Amino acid sequence: MTEPLGARLDTLKTESVTALKQVKEAAQLEQWRITYLGRGGAIPRLLRAIKDLSLTEKRLIGRKGNELRQKLEILYERKKQAFGPVSFSAKPASFTPAQPLVGHLHPLTLAIRRVQQIFSAMGFLIVEGPEIEEARYNFDQLNIPFEHPARAETDTFYLEDHGDAQALVLRTHTSPVQLRTVLENNLTPPFKILSPGRVFRAERTDATHETTFYQFEGLVVEDGASVSDFKRTIETFYEAFFGKRVSARLRPSYFPFVEPGFEVDLSCVFCRQAGCHVCKNTGWIEVMGAGLVHPNVLKNMNIDPRAHQGFAFGQSIDRIVMLNHGIDDIRLFWSGDIRFLKQFS
Amino acid sequence: MRISYNWLKDFLPKLTLSPKETAELLTMHSFETVVTGELVVPPDITVVKIVNIKPHPNADRLHLVTVTDGQREITVVCGATNIAVGQTVPYSPPGTTLQDENNDNFTVKETTIRGQTSPGMINSLRELGLHPKEHGGIWILPTSLPLGTKLADHVPPDTILDADVTPNRAPDCLSHRGVARELAALLALAIKEPKLPALPPPGSAVNEFTVTVEDAAKTPRYLGAVLTGVSVDPSPLWLQARLLAAGSKPLGNLVDITNYVMFELGNPTHAFDMAKLPGRAFGIRQAKTGEKIILIDTTEQKLTERDLVITCHDMPIAIAGVMGGQDSGVSEKTKDIFLEVASFNAFSVQETARRLALTTEASTRFSKKLDTNLVTDAARRAVDLLQELTGATLVGILDSHPKPRSPHPVKFRPSQVSRVAGSDIFTAEQSRQALRNLRFTVDDTKEPWSVTVPTDRLDIAGEHDLVEEVIRVTGLENIASAPPPPGTEPQPLPHRIYWCEVVRETLVELGLTETLNYSFEPQQYAAIASLNNTDHLCLVNPVAPDMKNLRVSLLPGLLKNLATNRATFHRQVGRKESSLFEIGHVYKPGAGDKIPGVDENLHLAAAVVGNLPRLEDIAQTLARALHLDSLNLPNIITDDMVQKLKYRLPVFGFEVNLDELLFRIEQAVPPARSFADIKAAAFKSTPYVPLPKYPPSYRDLSILIDPVITIEQVQEAIERVGGQLVADVDLFDEYEPPDSAQKSLAFHITYQSSGGTLTDTEIAQIHNKIVAALKRELGAHLRG
Numbered sequence: 001m002t003e004p005l006g007a008r009l010d011t012l013k014t015e016s017v018t019a020l021k022q023v024k025e026a027a028q029l030e031q032w033r034i035t036y037l038g039r040g041g042a043i044p045r046l047l048r049a050i051k052d053l054s055l056t057e058k059r060l061i062g063r064k065g066n067e068l069r070q071k072l073e074i075l076y077e078r079k080k081q082a083f084g085p086v087s088f089s090a091k092p093a094s095f096t097p098a099q100p101l102v103g104h105l106h107p108l109t110l111a112i113r114r115v116q117q118i119f120s121a122m123g124f125l126i127v128e129g130p131e132i133e134e135a136r137y138n139f140d141q142l143n144i145p146f147e148h149p150a151r152a153e154t155d156t157f158y159l160e161d162h163g164d165a166q167a168l169v170l171r172t173h174t175s176p177v178q179l180r181t182v183l184e185n186n187l188t189p190p191f192k193i194l195s196p197g198r199v200f201r202a203e204r205t206d207a208t209h210e211t212t213f214y215q216f217e218g219l220v221v222e223d224g225a226s227v228s229d230f231k232r233t234i235e236t237f238y239e240a241f242f243g244k245r246v247s248a249r250l251r252p253s254y255f256p257f258v259e260p261g262f263e264v265d266l267s268c269v270f271c272r273q274a275g276c277h278v279c280k281n282t283g284w285i286e287v288m289g290a291g292l293v294h295p296n297v298l299k300n301m302n303i304d305p306r307a308h309q310g311f312a313f314g315q316s317i318d319r320i321v322m323l324n325h326g327i328d329d330i331r332l333f334w335s336g337d338i339r340f341l342k343q344f345s
Numbered sequence: 001m002r003i004s005y006n007w008l009k010d011f012l013p014k015l016t017l018s019p020k021e022t023a024e025l026l027t028m029h030s031f032e033t034v035v036t037g038e039l040v041v042p043p044d045i046t047v048v049k050i051v052n053i054k055p056h057p058n059a060d061r062l063h064l065v066t067v068t069d070g071q072r073e074i075t076v077v078c079g080a081t082n083i084a085v086g087q088t089v090p091y092s093p094p095g096t097t098l099q100d101e102n103n104d105n106f107t108v109k110e111t112t113i114r115g116q117t118s119p120g121m122i123n124s125l126r127e128l129g130l131h132p133k134e135h136g137g138i139w140i141l142p143t144s145l146p147l148g149t150k151l152a153d154h155v156p157p158d159t160i161l162d163a164d165v166t167p168n169r170a171p172d173c174l175s176h177r178g179v180a181r182e183l184a185a186l187l188a189l190a191i192k193e194p195k196l197p198a199l200p201p202p203g204s205a206v207n208e209f210t211v212t213v214e215d216a217a218k219t220p221r222y223l224g225a226v227l228t229g230v231s232v233d234p235s236p237l238w239l240q241a242r243l244l245a246a247g248s249k250p251l252g253n254l255v256d257i258t259n260y261v262m263f264e265l266g267n268p269t270h271a272f273d274m275a276k277l278p279g280r281a282f283g284i285r286q287a288k289t290g291e292k293i294i295l296i297d298t299t300e301q302k303l304t305e306r307d308l309v310i311t312c313h314d315m316p317i318a319i320a321g322v323m324g325g326q327d328s329g330v331s332e333k334t335k336d337i338f339l340e341v342a343s344f345n346a347f348s349v350q351e352t353a354r355r356l357a358l359t360t361e362a363s364t365r366f367s368k369k370l371d372t373n374l375v376t377d378a379a380r381r382a383v384d385l386l387q388e389l390t391g392a393t394l395v396g397i398l399d400s401h402p403k404p405r406s407p408h409p410v411k412f413r414p415s416q417v418s419r420v421a422g423s424d425i426f427t428a429e430q431s432r433q434a435l436r437n438l439r440f441t442v443d444d445t446k447e448p449w450s451v452t453v454p455t456d457r458l459d460i461a462g463e464h465d466l467v468e469e470v471i472r473v474t475g476l477e478n479i480a481s482a483p484p485p486p487g488t489e490p491q492p493l494p495h496r497i498y499w500c501e502v503v504r505e506t507l508v509e510l511g512l513t514e515t516l517n518y519s520f521e522p523q524q525y526a527a528i529a530s531l532n533n534t535d536h537l538c539l540v541n542p543v544a545p546d547m548k549n550l551r552v553s554l555l556p557g558l559l560k561n562l563a564t565n566r567a568t569f570h571r572q573v574g575r576k577e578s579s580l581f582e583i584g585h586v587y588k589p590g591a592g593d594k595i596p597g598v599d600e601n602l603h604l605a606a607a608v609v610g611n612l613p614r615l616e617d618i619a620q621t622l623a624r625a626l627h628l629d630s631l632n633l634p635n636i637i638t639d640d641m642v643q644k645l646k647y648r649l650p651v652f653g654f655e656v657n658l659d660e661l662l663f664r665i666e667q668a669v670p671p672a673r674s675f676a677d678i679k680a681a682a683f684k685s686t687p688y689v690p691l692p693k694y695p696p697s698y699r700d701l702s703i704l705i706d707p708v709i710t711i712e713q714v715q716e717a718i719e720r721v722g723g724q725l726v727a728d729v730d731l732f733d734e735y736e737p738p739d740s741a742q743k744s745l746a747f748h749i750t751y752q753s754s755g756g757t758l759t760d761t762e763i764a765q766i767h768n769k770i771v772a773a774l775k776r777e778l779g780a781h782l783r784g
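If you're matching them up, the sequences are chains B and S in order.
Under the working numbering, the first sequence has 308 at position 308, and the numbering climbs by one with no breaks.
Under the working numbering, the second sequence has 421 at position 421, and the numbering climbs by one with no breaks.
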């Protein structure tokens, strides 16, 4: 420790107040609160460090520190009110518990939120759709014929009381949302859409398999939507998501709705390709499936495959959350166990 | 699919890549492939002959087996039942490392078994580490092997690769030749094809045999070869080694050849024993409901009319593409055979194999579409090997192939490759080369080119497929990322998503924690919520009987969560993190707006344990956050439910249709955020702490302390002194009397160990240590 605590307190005071002035929106404000007032923030850290001082210093710095904290809390509240309709809610006047009650968001929500933020900032339209889906949207229109193994009851949940002609399923992916969006809104290229959501697979659960999980799927149809363009898009996304430089590696693979299709590996963000247990010492993590949209699928969206091309990609959100937090059992997401849920915010 | 590296080398004598390099090349250009292991005969194993077998004098199930290596005789104890005098077998002297039934290594020692000394053992395939599952007896070797030689000298070491062939490549790549052809294309190597001598032209009846195909759509090709004079013996060692590498157990030359041809060329074949057939009239038809067949694996299967069967005199003798019947199967006594080489409808085989849960090497291949022309190669190869290795004579061929396929042309513009790739690194010359290496015929005399596709490339339908071929062969990994676009207009979040986030944020600020539950309604809790008599949408194939109904409400899931957390919530003082909410879809039978017969809506529900926050507080705060004049959230968790959940604490809750609620909000467009702004806000990757296996204990600590000491200081000291045994520290009371020199703080401490349940004495010890440290460091005193 080089700088005396008293001097650091003064620096912090100027720095925090200046930083608050530059806050332009609610999310930045929350970031500011975490940086200075959060449990691991600068002010509480400083107040904890007081223990190493002499008793006189303790009295002085302790008091000054507590005053600064109170002052910043008031400034924070004022700023928060100032955001008005765009801001998230201010604390209710009628309700003042002994200590601030702050709950937690589900880790999947936190990741979905981040995914949505990044893609909308990249110009994608975020779209949602029904979780119960018609088989023709979930399969046929996506070039997955009746004979495809994925359509068997061992893989797909079917609903009762519907003949084969109008079979209803719990959607196995969010691709049908894209199809619906394009058809229902008569979208014509160029467009970029992203559909996050809950999907289902009829399989036995274990530490790595679930009946229910979340994924996001993207669809880009525009001039220059090529393999090269896809690679750039997805690297941009992952760099923002993990906050680290990454590169993508494409390998050939097969999905009925794309051609060419590929598997996407990401340079390991946990060891920077030095080798670790997450990437099993390969330096690469398998993250998503992708490809150029199959001409049949484009036709099914009323898009002329001779004039336009596009790419599509899909990624399990559960998987990146598990990687990111080192969660070893996918079933924990559905446990409803507060001891698990409260670990994330 | 298991691939033998040696087998690939047979096809590609000029292959210089190591097994690992070969796997990597396939992974980056074709399909994921890894090296999984080696096939090596332990060096000390000797070839011996059995000269005598006597019963063990002191054990009913053991034998004394005398073997010779040509020089000396050795007598060992053996429990196998498949041995006979005159057989050639492997022998392991003491000191050899073998594998036990768990595939763990052990060293052979000279032992005494029930009074009889056994210097070494004669071995099974499993003991030699050549077939992990094989436990049925001693490995019988061909008698042609010279006695006393090392077995390893006859079985060169091999490396096993595992190729995860994608379904589109099944027709041409589920075989050693297929993978070798793929490598030949990638490396521009010449391939050495096996000997495939032409067969005589098919007759309409051979040796009185006839074949009648009911539906050519279900059986596009059925070829039968009639062979006589088979002599069943152990296969030559080279062939046995290939089968072992492919993961199949050698069972004698006849069966081994049928398997070998499948692993080599990809088309399964099957041999029927002529002597066991009820007649000569073969048929392929749909089974009749109620028909039964006993299969080679001795199971009896009931058939339905969706199954395709091979019949003889209208009696089912095999399930087409899945497995042969026991009654017509070959044995070591078989002399004359009817060899089937066929193509079946892939979906039909897939359905039957799945319904009967019979996944075989054959059904795996037939479940994907195969090229009917592959039948010709497989039949030629099988007949040639049967003649060469079993001494059989070909009597004649029957062949039902009403619609032979021929190579088809596809139009191709080389410039399309660069357009799809978004990169001009692909030249026309590269396209020409890649396509020719893949066995396509390229006519490039005019644009677009005409590219003729070999019949086993069933995956190639149009130009886009050829583009993929060129890109992946030339190198998908060579395509660089495009430069960033000149500028992107950020999009705002859609109304519903934006306001859902506001709801979440508001509830979290109020102390509620978000939970997620399955879309399947837990029946036990639906009953508590009195929802079990409501109309539900149901699943045909639920994973569990009580997950059959799709949820009509979020309440049952929340009640289940309350039950899960009952112990935790009851122990918590101050009720921190004791309230839960969920935002999710519910599904009801109805008119159906988007989906016929289905009303699907987004709901919000919460359960609050304790008296804070009150539902009125939540309603008021939510209303303000959503700019609504008012919001009413009536309690839906009744005293009766609380009682049934065995809660001693008050519980309140509400549920609203969030779609309807958000509809009431002004339709202003939410703000869009720039990429730079989003990227700057880092996403946290705090490591998750596994849930403790042992229960926690709780102690309260009330102290009087100098007001200048911060709460954080006290917490820090408690956590530091308590170390890993302190799981949580909560302040639940803070009081500073106006005229006092001291303030009063009360903490709730959770003690927990990952090593076991803490005893009262252990907790007292650490608790006292904390009290002492607080006094010493911060001048704190316990409150009276």
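Read the hints as simulated data drawn from the structure, not as lab findings.
Because the structure is a prediction, the values reported are computed rather than measured.
Careful: at least some of the hints might be erroneous.
List of simulated lysine-lysine pairs, DSS-like, C-alpha gap at most 27 Å [stated by the list, open to error]:
#1 S/K743 - B/K342
#2 S/K192 - S/K9
#3 S/K411 - B/K64
#4 S/K109 - S/K20
#5 B/K244 - S/K679
#6 S/K218 - S/K20
#7 B/K51 - S/K775
Simulated coverage check for chain B against chain S, where a stretch passes if three residues somewhere in it have a Cβ under 8 Å from a Cβ of chain S [unchecked claim]:
#8 4–16
#9 56–67
#10 125–134
#11 147–159
#12 243–257
#13 286–299
#14 333–342
Note that CB positions come from ideal geometry on N, CA and C, so glycine has one too.
Each hint tested on the structure:
Restraint check: the Cα-Cα separation between S/K743 and B/K342 comes to about 30 Å, which exceeds 27 Å; the hinted pair is violated. This hinted pair checks out: S/K192 and S/K9 have alpha carbons roughly 9 Å apart, not beyond 27 Å. Between S/K411 and B/K64, the direct Cα distance comes to roughly 80 Å. Violation of the 27 Å bound is thereby established for this hinted pair. Of the supplied pair hints, the one linking S/K109 and S/K20 is violated, its CA atoms being roughly 36 Å apart against a limit of 27 Å.
Taken as a hint, the B/K244 and S/K679 pair is honoured in the structure, with Cα atoms around 10 Å apart against an allowance of 27 Å. Of the pairs offered as hints, the one joining S/K218 and S/K20 is violated, with about 41 Å between alpha carbons and a cut-off of 27 Å exceeded. For the suggested pair B/K51 and S/K775, the alpha carbons sit about 13 Å apart, so the restraint of at most 27 Å is met. For the stretch 4–16 of chain B, the proposed coverage by chain S is not satisfied: 0 residues have a C-beta within less than 8 Å of a C-beta in that chain, short of the threshold of three.
Only residues whose beta carbon comes within less than 8 Å of a beta carbon in chain S count, and the stretch 56–67 of chain B has 6; three or more means the coverage holds. For the stretch 125–134 of chain B, the proposed coverage by chain S is satisfied: 10 residues have a C-beta within less than 8 Å of a C-beta in that chain, meeting the threshold of three. As drawn, the stretch 147–159 of chain B meets chain S at 8 residues by the rule of a beta-carbon pair under 8 Å; at three or more, the given contact holds. Using a Cβ-Cβ cut-off of 8 Å, 9 residues of the stretch 243–257 of chain B lie near chain S, which meets the minimum of three, so the contact claim holds.
For the stretch 286–299 of chain B, the stated coverage by chain S holds: 3 residues have a C-beta nearer than 8 Å to a C-beta of that chain, and at least 3 were required. Residues of the stretch 333–342 of chain B lying with their CB closer than 8 Å to a CB of chain S number 10, which satisfies the three-residue condition for coverage.
In terms of the numbered hints stated before, the structure departs from hints 1, 3, 4, 6, 8, listed from lowest to highest.
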